[in-house]
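Asks: Residue-level listing of the chains:
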Amino acid sequence: MDIDSPLLFPVTTRARKIFVLDETRLPFDQHYIEVKSLEDALWVLETMKTRSLGQVLLFFYCCLLFEETCPVSGIVEKFAEKRPTFDFHLLGMILKEERERCGDLETAIHEFIARFDRMRRDRAARLAEILPNPASVLTICNFNGELIYLYDEMRKLEKEAAFIVCETRPYLQGTRLTFWELNRNRIPCQLICDNQAALLMKDGKVNCIVTGADRSTTRGDVINKIGTYALARLASHYGIPFYPLVQYPKDIRVEDIRIEDRPVEELFIFLSEGTENAYSSVQAIYPSFDITTHEFVSQCIALV
Amino acid sequence: MILEDIKEKEGLLVWGAISGEGLEQIREGQDLVIVPENRPSMTGLKYNIPLLRRHGIRFVYCTDNMVGLLFHRKKIRKTVIFYKQAVENGIIGVPGTLYAATLSHLHGVPVNAVPQPEIPFDSADQDASSLGGKSFVAEKYQKEVILPADERVENEILE
Chain Y
1 MDIDSPLLFP VTTRARKIFV LDETRLPFDQ HYIEVKSLED ALWVLETMKT
51 RSLGQVLLFF YCCLLFEETC PVSGIVEKFA EKRPTFDFHL LGMILKEERE
101 RCGDLETAIH EFIARFDRMR RDRAARLAEI LPNPASVLTI CNFNGELIYL
151 YDEMRKLEKE AAFIVCETRP YLQGTRLTFW ELNRNRIPCQ LICDNQAALL
201 MKDGKVNCIV TGADRSTTRG DVINKIGTYA LARLASHYGI PFYPLVQYPK
251 DIRVEDIRIE DRPVEELFIF LSEGTENAYS SVQAIYPSFD ITTHEFVSQC
301 IALV
Chain G
1 MILEDIKEKE GLLVWGAISG EGLEQIREGQ DLVIVPENRP SMTGLKYNIP
51 LLRRHGIRFV YCTDNMVGLL FHRKKIRKTV IFYKQAVENG IIGVPGTLYA
101 ATLSHLHGVP VNAVPQPEIP FDSADQDASS LGGKSFVAEK YQKEVILPAD
151 ERVENEILE
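Top line first, the protein sequences correspond to chains Y and G.
Residues in the first sequence are numbered consecutively from 1, following this note's numbering.
Residues in the second sequence are numbered consecutively from 1, following this note's numbering.
Bear in mind the hints are in silico, worked out from the structure with no lab data behind them.
A virtual CB, placed ideally from N, CA and C, is assigned to each residue, including glycine.
Check before you lean on any hint, since a few could be wrong.
[Said to hold, decoys possible] Pulled from the structure, derived: some chain Y residues nowhere near chain G, Cβ distances all over 12 Å: (1) 115; (2) 129; (3) 230; (4) 285.
[Claimed, not checked] For the chain G half of the interface with chain Y, some residues (derived, Cβ under 7 Å), not all of them: (5) 2; (6) 3; (7) 121; (8) 128.
Whenever a hint applies, use it, and build me the whole structure from the sequences.
Replies: In structure tokens:
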């Protein structure tokens, strides 16, 4: 199938400039931000203009273009300070190994991105083998077009698939990104409020859960978007398998990974324009990830 | 405030519109009230928070999908569900009632069910397609949004 999603590669580089898809403006506006400096990149990262694969690509391109002003180790630290849950130290090590293998940074980055895309396509193919037919897949947040790959691989196996997308408060990545990109590719999908998940599971409307994972351990624990743990725990209760898509699991204690607390004003960010200040005095919390321990994970689907 | 500022078992989770009876229970417990937003209508933000503020009761606001993490981190001592109707062997409550009740049950947190009041509250948001009255779904895809329904919870989950 012809795949149409700017989220597959949300950050690009042309003529030694970086262009970042502003994901906060989707689905209304497909706008790219030109990143001219490391400071620009850090602002883009901090304000959630990009995340997930976008932050990986942004990191690589910053290393490529701004290494003269800041060494890769310094870029790692600056990125990790902005998004502490994600493993930018690991990305720095990957980049170092790739550079040693390829000889130069630009080739290393382009080869890595091409290989990563082949690996995620392969990961989707392996998951397609596992999922039931027909599959009614509950999902949360957005993982950059990989559900489109999954649907395509399901069709190759002559399996039917449809997706139920949790809206994913507060940033609505489920609504604004996943539901949007699935519809754009004419893939059957429905949208729910996050709290409707339990009823759908109880009523037998869902027969598997598929999510991304920002971090994972070799034991099978995952850290992902807030709300993932509740889905996994409920799925375990209702006998529904839970499959996170993971990359580069580490032999570490999941409890030692810092969970990022984001500014609470962001809880109100899409509520309605101009109301953030109206709610600024509301005492609130915004932990942006949660931990799902291995006993609630049916199988991690890894990049290989 | 951050999650770690909430002490273990300090929280009392509310789901649905708080009634006068519920308010008394909350006062007695002197807990920190955990107020999820309660999508789609945002009852938590638009009804419960002003009510708790008027009565000088401590609260902390979160999105509905943060409730799992709060249970996982043992922040919640008790859950109070405000239901619309008592039925044989259970209750019927607003969207997400089953989500909150089942997560409570799975984490060994007791649930108290209390009738909810009639609230003079008319939300612009009827389903996941909109937030604060603004639609995030193109009209042609609107039919693919699953309309939230009232949810039944059996007594065995509430015990």
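Asks: Taking 7 Å as the limit, does the beta-carbon of residue 2/G come near enough to a beta-carbon in chain Y?
Replies: With a minimum Cβ separation of about 4 Å from chain Y (threshold 7 Å), the hint on residue 2/G holds.
Asks: Any CB of chain Y closer than 7 Å to the CB of residue 3/G?
Replies: It holds, given that the least Cβ distance between residue 3/G and chain Y is near 5 Å, below 7 Å.
Asks: Hey, does the residue 121/G contact hint survive, CB to chain Y under 7 Å?
Replies: violated (16 Å)
Asks: Non-interface claim for residue 129/Y: all C-beta distances to chain G beyond 12 Å?
Replies: holds (27 Å)
Asks: For residue 285/Y, is the shortest CB-to-CB distance to chain G above 12 Å, so the non-interface label stands?
Replies: The assertion about residue 285/Y is violated, with a minimum of 5 Å to chain G.
Asks: Please check whether the beta-carbon of residue 115/Y is more than 12 Å away from every beta-carbon in chain G.
Replies: It holds; residue 115/Y is separated from chain G by about 33 Å at its closest Cβ, greater than 12 Å.
Asks: Taking the least C-beta to C-beta distance, is residue 128/G closer than 7 Å to chain Y?
Replies: Residue 128/G check passes; min Cβ-Cβ to chain Y is 4 Å, inside 7 Å.
Asks: Against chain G, does residue 230/Y hold up as non-interface, every C-beta pair farther apart than 12 Å?
Replies: Answer for residue 230/Y: violated, closest chain G Cβ roughly 3 Å.
When each numbered hint is compared with the structure, violations occur for hints 3, 4, 7.
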